[in-house]
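Given the coordinates of chain A, work out where chain B should sit on it, guided by the hints.
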Amino acid sequence: MIKEIKIEGIHRIEGHMDIRVYIKDPENVVVRAAAKEGTRILSRILVGRDYQEIPEITSRMCGVCSVIHKLAAVQAIENAFDITLTNELKILRELVAIGGHLQSHILHLHFFVLPDIMKLSSVLELLKDKETLVKEIIRIKRFANEIVERLAGSSVHPITPVVGGFTKIPSRKSLLVVKEIIAEMKNRVMEACRPFLETKWDGFDVQNVFVALKSDKGVPLLDGKVAISTGLEFDKEHYAEYISAILEDYSTALHYKLRSENRSYMVGALARLNINYENLDDETRLVCREYNIKFPVNSPLINNACQALEMIYFLNKAENLISELLERTLSLSKVDYRIKPSNGIAVVEAPRGLLIHHYKINEHGKITYSNIITPTAQNLKNIEENIKAFLIEALNEGKKENLELEVEKIVRAYDPCISCAARFYHESQV
Amino acid sequence: MRNKFTVGIFSLSSCEGCLVQLINLDDRLLKLLEHIEIVDCRILGVKKDYDKMNIAIVEGSVTSLEEREKLEKIREKADILVALGDCACSGGKFLVKDFDISEARIKLPGSREVFRSDPLDKYVKVDFYLWGCPVNKDELFSLLRNILLLKHVKERAVSVCAECVLRENNCLIELGYPCLGPITRGGCSALCPSNNKACFGCRGLAEDANIDSLIEIFEQHKIEVPEYLRKLKALVEAKKSDKRD
Numbered sequence: 001m002i003k004e005i006k007i008e009g010i011h012r013i014e015g016h017m018d019i020r021v022y023i024k025d026p027e028n029v030v031v032r033a034a035a036k037e038g039t040r041i042l043s044r045i046l047v048g049r050d051y052q053e054i055p056e057i058t059s060r061m062c063g064v065c066s067v068i069h070k071l072a073a074v075q076a077i078e079n080a081f082d083i084t085l086t087n088e089l090k091i092l093r094e095l096v097a098i099g100g101h102l103q104s105h106i107l108h109l110h111f112f113v114l115p116d117i118m119k120l121s122s123v124l125e126l127l128k129d130k131e132t133l134v135k136e137i138i139r140i141k142r143f144a145n146e147i148v149e150r151l152a153g154s155s156v157h158p159i160t161p162v163v164g165g166f167t168k169i170p171s172r173k174s175l176l177v178v179k180e181i182i183a184e185m186k187n188r189v190m191e192a193c194r195p196f197l198e199t200k201w202d203g204f205d206v207q208n209v210f211v212a213l214k215s216d217k218g219v220p221l222l223d224g225k226v227a228i229s230t231g232l233e234f235d236k237e238h239y240a241e242y243i244s245a246i247l248e249d250y251s252t253a254l255h256y257k258l259r260s261e262n263r264s265y266m267v268g269a270l271a272r273l274n275i276n277y278e279n280l281d282d283e284t285r286l287v288c289r290e291y292n293i294k295f296p297v298n299s300p301l302i303n304n305a306c307q308a309l310e311m312i313y314f315l316n317k318a319e320n321l322i323s324e325l326l327e328r329t330l331s332l333s334k335v336d337y338r339i340k341p342s343n344g345i346a347v348v349e350a351p352r353g354l355l356i357h358h359y360k361i362n363e364h365g366k367i368t369y370s371n372i373i374t375p376t377a378q379n380l381k382n383i384e385e386n387i388k389a390f391l392i393e394a395l396n397e398g399k400k401e402n403l404e405l406e407v408e409k410i411v412r413a414y415d416p417c418i419s420c421a422a423r424f425y426h427e428s429q430v
Numbered sequence: 431m432r433n434k435f436t437v438g439i440f441s442l443s444s445c446e447g448c449l450v451q452l453i454n455l456d457d458r459l460l461k462l463l464e465h466i467e468i469v470d471c472r473i474l475g476v477k478k479d480y481d482k483m484n485i486a487i488v489e490g491s492v493t494s495l496e497e498r499e500k501l502e503k504i505r506e507k508a509d510i511l512v513a514l515g516d517c518a519c520s521g522g523k524f525l526v527k528d529f530d531i532s533e534a535r536i537k538l539p540g541s542r543e544v545f546r547s548d549p550l551d552k553y554v555k556v557d558f559y560l561w562g563c564p565v566n567k568d569e570l571f572s573l574l575r576n577i578l579l580l581k582h583v584k585e586r587a588v589s590v591c592a593e594c595v596l597r598e599n600n601c602l603i604e605l606g607y608p609c610l611g612p613i614t615r616g617g618c619s620a621l622c623p624s625n626n627k628a629c630f631g632c633r634g635l636a637e638d639a640n641i642d643s644l645i646e647i648f649e650q651h652k653i654e655v656p657e658y659l660r661k662l663k664a665l666v667e668a669k670k671s672d673k674r675d
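These protein sequence lines are chains A and B, in that order. Each residue of the first sequence is one higher than the one before, starting from 1 at the first, in this note's numbering. Each residue of the second sequence is one higher than the one before, starting from 431 at the first, in this note's numbering.
Please note: incorrect hints may appear among the correct ones.
Claimed, not checked - Cut-off 25 angstroms, straight-line C-alpha distance, at most; resulting in silico cross-link-like pairs (BS3-like, lysine-lysine):
no.: 1; chain 1: A; residue 1: Lys128; chain 2: B; residue 2: Lys477
no.: 2; chain 1: A; residue 1: Lys334; chain 2: B; residue 2: Lys652
no.: 3; chain 1: B; residue 1: Lys627; chain 2: A; residue 2: Lys90
no.: 4; chain 1: B; residue 1: Lys627; chain 2: A; residue 2: Lys173
no.: 5; chain 1: B; residue 1: Lys478; chain 2: A; residue 2: Lys409
no.: 6; chain 1: B; residue 1: Lys567; chain 2: B; residue 2: Lys581
no.: 7; chain 1: A; residue 1: Lys360; chain 2: A; residue 2: Lys334
no.: 8; chain 1: A; residue 1: Lys168; chain 2: B; residue 2: Lys652
no.: 9; chain 1: A; residue 1: Lys168; chain 2: B; residue 2: Lys567
no.: 10; chain 1: B; residue 1: Lys500; chain 2: A; residue 2: Lys130
no.: 11; chain 1: A; residue 1: Lys128; chain 2: B; residue 2: Lys652
no.: 12; chain 1: A; residue 1: Lys186; chain 2: A; residue 2: Lys200
no.: 13; chain 1: B; residue 1: Lys477; chain 2: A; residue 2: Lys130
no.: 14; chain 1: A; residue 1: Lys366; chain 2: B; residue 2: Lys652
no.: 15; chain 1: A; residue 1: Lys130; chain 2: B; residue 2: Lys478
no.: 16; chain 1: B; residue 1: Lys503; chain 2: A; residue 2: Lys366
no.: 17; chain 1: B; residue 1: Lys555; chain 2: A; residue 2: Lys334
no.: 18; chain 1: B; residue 1: Lys500; chain 2: A; residue 2: Lys6
no.: 19; chain 1: B; residue 1: Lys663; chain 2: A; residue 2: Lys135
no.: 20; chain 1: A; residue 1: Lys340; chain 2: B; residue 2: Lys627
no.: 21; chain 1: A; residue 1: Lys6; chain 2: B; residue 2: Lys478
no.: 22; chain 1: B; residue 1: Lys503; chain 2: A; residue 2: Lys135
no.: 23; chain 1: B; residue 1: Lys503; chain 2: A; residue 2: Lys6
no.: 24; chain 1: B; residue 1: Lys652; chain 2: B; residue 2: Lys555
no.: 25; chain 1: B; residue 1: Lys503; chain 2: B; residue 2: Lys461
no.: 26; chain 1: A; residue 1: Lys360; chain 2: B; residue 2: Lys661
no.: 27; chain 1: A; residue 1: Lys366; chain 2: B; residue 2: Lys661
no.: 28; chain 1: B; residue 1: Lys434; chain 2: A; residue 2: Lys366
no.: 29; chain 1: B; residue 1: Lys584; chain 2: B; residue 2: Lys567
no.: 30; chain 1: A; residue 1: Lys119; chain 2: B; residue 2: Lys477
no.: 31; chain 1: B; residue 1: Lys478; chain 2: A; residue 2: Lys135
no.: 32; chain 1: B; residue 1: Lys584; chain 2: B; residue 2: Lys555
Honestly, the hints are just simulated from the structure, not real lab data.
With the rest of the complex left out, here is chain A (with noise of 0.2 angstroms):
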């Protein structure tokens, strides 16, 4: 053996990850994406109880990440209960799912990306001689939080989303200030992304497969068709034949790949745009241009960069969606619902990318079956191939130095949350 890198505990993402490579010979590179996370068995601990316990339980699967999997359990059981929102209340779905979306995004970009570009190891670096970026970062995050706080209760672990709608709706007045904390962070949020659209993320050559949700209208993250960049797509109910789990002994997430393609494929920001680009806004696509990025992008690095597209995108979609809601009445909180047997299933978009929720339900409103499948998990064996491809290049071209650092880069623009990835365990599935 040439070579043996190993990462214990990456810093600068959520939850703990290992990376080890072993490096035969330039053609023959082994990685392996380790989830380090102890397993929480969350889908065997929803087994047998309430159909409501579930969103409060799923929320905690991520507390990055808490508003979308709340949703996605909602809205899976909605989906068994046949259940349909009136508009109004889709709408402030959709504001609480981009609440989310921006929360997790800034968090990761100016927290776990923004060092690495600064060439520091933490953002607290940052306070001793640039504290008015540090505070500006803040009171972006602090906007972000403020949406969620005001539309759904509480920032981390939203309160108010359940099964049928909300348990309480925001008063008028409370979203007048959203209006506003919206237009804030659109002033600021150009700023706010600039190092992550100037930045070369140039990175290496590497083919990838991607999926996402897709729509006629807009970047999709509550409903749409799942679409793989090959051209293939499927609705929600045959997610099983096309995404097909993987046990490695190694980890305490499992691993996916695609069956129709047989390989790993990625999903995020970058899968995103990459199959909703020619829905962008104006404003957004004139920041591409600006930016000098053309969809579509392989190399997995311009995640961040996507992201931070998201969030000038997202705003704007939060402009219109919050003004469209003023103009209506939202009065009623709650659709009446009947408790059925059956079957539901969520697809979404996480921040982190596709997320499935899939339940049984039997006549009592208990669950029977649950199966979750998170972003990180499916990225990781995508990872773990990124990795090799990159460390191929490396070594043909005779870079020694520094492989360790650009491998954690890698691994950090997918944004991986080992939270979410590591809790899902089932004897059937193996």
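Then chain B, alone, in the frame of chain A:
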């Protein structure tokens, strides 16, 4: 001026939502940073050389031997250890109310052991507990401030129900919801009931919790008694008889 307090921030198995709450202290975190020096925090990318630290803040529950060893090492180096959030305080049990995990005892991939989710104080001494899922930012800030000021820290002895009454909310039990406010440790300012949502007890049992009486009140109001409340009762009784033995 005295030296800054050295602080390590650690995470075992958890959703890291409590760490997010710590970062969400925002300007108050900057204020704290004038008085503390963070020596270890993976999520913020800080790893300094240190043999001792004044305060260790530990989030998450112990789910493996590796985590237990990590926790024991942290304890050795720390003067004060703070359990941050429900997972650290109770192993996350109050949220999932899963008191019988033996039914889920299975071998898991990537780990040689069977599943467990233990609170920190099963293995080490804990000096301060911060309950909640996630922890409340005001409570977190005031605990840290009080530690820095060397002030005596006392746990508030009120239930969520008492805090809810102070906020003049409508009583959810009277409206027919199975609210656990009367038996749950306060400190959250009745966040969920104030959002029309029944308290589900994430902060653990209040000191004087009377589960029997709550079940009686539910029955009086024709509220279906949730299964987890009966499990909770069985757990408390088992603990009591443990103590007697």
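For each hint, the structure was consulted:
1. Lys128(A) with Lys477(B): holds (17 angstroms)
2. Lys334(A) with Lys652(B): holds (22 angstroms)
3. Lys627(B) with Lys90(A): holds (20 angstroms)
4. Lys627(B) with Lys173(A): holds (21 angstroms)
5. Lys478(B) with Lys409(A): Holds: lysine 478(B) and lysine 409(A) sit about 21 angstroms apart, inside 25 angstroms.
6. Lys567(B) with Lys581(B): holds (19 angstroms)
7. Lys360(A) with Lys334(A): Holds. Lysine 360(A) to lysine 334(A) sits at ~23 angstroms (cutoff 25 angstroms).
8. Lys168(A) with Lys652(B): Within the cut-off at roughly 23 angstroms; holds.
9. Lys168(A) with Lys567(B): Holds, at roughly 22 angstroms.
10. Lys500(B) with Lys130(A): violated (34 angstroms)
11. Lys128(A) with Lys652(B): Distance of about 61 angstroms is beyond 25 angstroms: violated.
12. Lys186(A) with Lys200(A): holds (24 angstroms)
13. Lys477(B) with Lys130(A): holds (21 angstroms)
14. Lys366(A) with Lys652(B): Holds, at about 20 angstroms.
15. Lys130(A) with Lys478(B): Status holds; Cα separation ~21 angstroms.
16. Lys503(B) with Lys366(A): Violated. Lysine 503(B) to lysine 366(A) sits at ~42 angstroms, over the 25 angstroms cutoff.
17. Lys555(B) with Lys334(A): violated (46 angstroms)
18. Lys500(B) with Lys6(A): holds (19 angstroms)
19. Lys663(B) with Lys135(A): violated (48 angstroms)
20. Lys340(A) with Lys627(B): holds (23 angstroms)
21. Lys6(A) with Lys478(B): holds (20 angstroms)
22. Lys503(B) with Lys135(A): violated (34 angstroms)
23. Lys503(B) with Lys6(A): Judged against 25 angstroms, a Cα distance of about 22 angstroms means the pair holds.
24. Lys652(B) with Lys555(B): violated (43 angstroms)
25. Lys503(B) with Lys461(B): Violated, at about 29 angstroms.
26. Lys360(A) with Lys661(B): Given that 25 angstroms is the threshold and the Cα spacing comes to 24 angstroms, the pair holds.
27. Lys366(A) with Lys661(B): Satisfied, since the Cα-Cα distance of roughly 17 angstroms is no more than 25 angstroms.
28. Lys434(B) with Lys366(A): It is violated: about 53 angstroms lies between the C-alpha atoms, which goes past 25 angstroms.
29. Lys584(B) with Lys567(B): Holds - the C-alpha atoms of lysine 567(B) and lysine 584(B) are around 17 angstroms apart, at most 25 angstroms.
30. Lys119(A) with Lys477(B): Given pair lysine 119(A), lysine 477(B) holds - Cα atoms ~16 angstroms apart, limit 25 angstroms.
31. Lys478(B) with Lys135(A): OK: lysine 478(B) and lysine 135(A) at ~24 angstroms, within 25 angstroms.
32. Lys584(B) with Lys555(B): holds (17 angstroms)
Checked against the numbered hints given earlier, the structure breaks hints 10, 11, 16, 17, 19, 22, 24, 25, 28 and satisfies all the rest.
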